[in-house]
Structure formats: structure tokens, C-alpha cells
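Participant: Single-letter residue listing:
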Amino acid sequence: MNMTKLNFAQRGWILQSRIFKNLKKDFLIEFRNRSAVNISFAFAGITTLSVSLACGGATLSPQIHSVLLWIIIFFSGMSGLSHIFIREEEERTSLFLALHSDPENVYLSKLIFNILLFTCITALVTPLYLFFMQVFPGYTVYFILTAAAGSLAISSITTILGAMVAKADSRGSLFTVISFPVMIPVLWISIQLTSDSLEGGAPPELRSLLFLLAFSGVIISVSYLAFKFIWTEQ
Amino acid sequence: MTLYRLVFIFMPAVICMAFILAPPAAILGDASRILYFHVPVAWVSVVAFIVSGIQSILFLVSENKRKEREFMAYNSAAAGMVFTILTVITGSIWAKLSWGSYWNWDPRETSIVVLMLIYIAYLSLYSSLKEHPNRGGISAVYLIIAMITMPFLVFIIPRVYLSLHPDTIINREGKIHLEAAMRITLFSSIVTFTLLYGYIYRLMNRISRLEIKAEEKHYDI
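In order, the protein sequences belong to chains U and F.
Take 1 as the starting number for the first sequence in our numbering and just add one per residue.
Take 1001 as the starting number for the second sequence in our numbering and just add one per residue.
Keep in mind that the hints were calculated from the coordinates and are not lab data.
As the structure is a prediction and not an experimental result, all values here were calculated from the model.
Treat the hints with caution; some may be incorrect.
Distance condition first, Cα-Cα at most 27 Å in a straight line; then the derived DSS-like pairs of lysine-lysine [unchecked claim]: (1) F:Lys1065 / U:Lys228; (2) F:Lys1213 / F:Lys1065; (3) U:Lys228 / F:Lys1217; (4) U:Lys228 / U:Lys24.
Take the sequences, apply the hints, and build the full model.
Facilitator: Here's what the structure looks like:
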């Protein structure tokens, strides 16, 4: 949204809104103590470099390249996306947040944070992978759209599952266990679409891209409705 | 409970029908008889999953019988898990007989494995929330989210990607490509396995109710 075109009242409303405030708070906390964000980015970078080093020089098919790329993206997401809710539980601020904001506002602010964080991670991993593995997509626009739609779907799933895991014991391993089955359709379609766009033969199917967007839409809608049952004790 | 007890009559009858009444299929021969066990257990795994999902939705929207709905969702998932494992086993035996290998990562095989992983994930989440007061609510939301994923896997992906799997009962043409005797046996088997699931599920619920009563009595003392 272009802030300069809005009048003072509208800008004030946006600034005052709880979503924006929560988002601002999350960014301030994360950038004050950058360890979690740094670890996420470092994990993504190191995994990409390790894979590139191990496969360096080998001629791999577009299918293998897309599998490796999405495995890196998936585990980078696993390492960082549940953090936003786990931090609230570990620092014991979740109760205060529950009193201060509606569950819907909390969910939307955390979702936006995760989408932004994961888009940054994907934007780091993908060019690094392409550069080190020396692969170039045949359909660049489709490739970028797939990465963006896949990242949106992964962040929408991990936000709601991160909220669940934050309440449980043995959080780290549980997050991967509960995320993987729900994420398989996304990974499956993304791998296929990335492989097609890397190969550059027949143009990739638009309906697969729509599938990813529809999937994200459904997950976000249901999560928005069901979040209050996780966030507040029944 | 009386209705579900019919399983004791129907199950031996269905086994006899599968091995005696139904004729062998044209190419697979006697190996095709696994159809009368594989399809019903696959059906029951999906039914159990839907029952779990419905109980979870009722848990969230209704204030009544919350404890009961929580264990009813859990019990259906636990029973469904067993039927899903049976589906995977019978399916891989059938795959070996017809395609030559136990596992091919066919879209249909993958979708049933994902269903199994969802059950495993749900049971893991449920057990790790043991001490949490909102255990029922959190695990119910997980089941609902997982239930939304299933249509994408079961109905969309196998229709988008090529599958070696034979046409399902709910196919594009809306026709069942089976002889009359085979069709009767298959549907009898589906009904019988559904009754078996219902019988097991009700027993599990009774046990859970007794456990809760015993627990409450223990606290009263």
C-alpha cells in the first residue's frame, strides 16, 4: 500500500492497528537480538554451499536440481519459521500478547512476519544455488513465480503449525514431524514445476501454479478461523 | 452395538465370498482376490480420518461433551492408523503382483502414505501435549488442517499426474468396471469392514469412558 497517497487518518489507522504494532514489535525484537534470523540465514546459506560442494561438477538432471533446491528450502523453513511463536512461549510473553491483541491480529502479524522472512530466505537460497550449481532456468518468470508461490504455501502452513508446536514438549523434532505430511502436496507440485521451468521444454502448466496459490488460500483461511482455539485456552 | 456385532456373521461370509463366489480376474487370476481386502481397508482408513475430523470440528464448535469428543477423535485416528498400515501392506503386495515391485511412488501409493504420516504426526502431537490444558483444542485444529490437505492429495494430484493405479470406485466415468459377482463381494466387504471399524471404535470409546470415570473416582477419593 502506498502510504503517501493516504490521508492522515488512514495512515494513523494503519499505524495504530494491532497487526502493524505486533509486526513492528516482532521485527524490533528480532533485529535487536538477531541470533534467530542470523541462524536461519546461515543455515540456508551453509546448506546450499554444502550441497553445491558435494555435487560440484556433476551433471544433474533438472528433476534432481529441483529436488535438491526444495529440500534446502524446506529445511531452511523448518529451522526458522516456528521460532516466532516459540520465542513468545520461551520469553513468557504469550499471555501478555493474548491479553493485548485479538487472536486474529496475532495470527495475521505472525503470518506476515513469516512470509517476509521466508521470502528473504528463498531469495537468498535460490540465486546461490543457481550460481554455484551453474544451472539457469529455461522459463525464468515461471521459476520465480514457483519459488514465490511455494514459499507462500510453506510459510502459511508453518505459521499455524509453529503456533501448535510452541505449546508442546520436544518442539524442534515435532515441528518437522507434523509439518512434513501437510507440506507434501506443496513440495510435490513445486518440485515438478521447478523441474519444468529449469528444463525449458514445453511451457510449465499454469494450473500447478494456481494449485499452490489455492492451497495457500485455503490454509490461511482455515488457520485464521481456527487460530483462536490454539492461542487461547478453551 | 447390536448392529456392529453383525460383523461376526458378515466377516466369515465375506471371506468365503472373496475366495469362493467371486471369479478370478482376467489377467491377475487368483491374485486379484486381494481387491476384496485392500479396497475396504483403504475405505475404512479414509472413513476413520473423516470421523476424527468431524469429532474435532464438533469439539471446537460445541461446548458439550468436550472430553468425550477429544477421546473420540483420538480413538478414531488410532483405529484409522491400523487400517492405513493394512492398506499400505495389502497395496504393496498387490503392486508386486501386478507391477513387479512392492513400491513405485505412484500418486495413489503416495497419498495413502501421506495419510499414514498425518496419523503418526497427530498421535505424536497429541502425546507431546500431555500436560497441556488445551491438548484437545490444539490437536483438533491439526486434524482439521490435515483434513483440508487430503482432498488435494487424494482427488487432485492423482488426476493431474499419471497413475498406474486401476480406476477407483469413484472414477471419471462414474462406472464400476467389475463383474456382478465381484461387485457384490466388493461391496459386501466394504460394508463388513466398515462394521468392523464401528465395532472397534465403539469398544475403544467405552474403554476411554471407563478410564475417565476411574480417574475421576480416584481424584474423589
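Participant: Compare the structure with each hint and give your call.
Facilitator: Right, here's what the structure says about each hint:
Restraint check for Lys1065 (chain F) and Lys228 (chain U): satisfied, since their Cα atoms lie roughly 20 Å apart, inside the 27 Å limit. For the suggested pair Lys1213 (chain F) and Lys1065 (chain F), the alpha carbons sit about 14 Å apart, so the restraint of at most 27 Å is met. Our distance criterion of 27 Å between C-alpha atoms is broken by Lys228 (chain U) and Lys1217 (chain F), whose separation comes to about 33 Å. Note on Lys228 (chain U) and Lys24 (chain U): the hinted pairing holds, with a Cα-Cα distance of about 21 Å set against a maximum of 27 Å.
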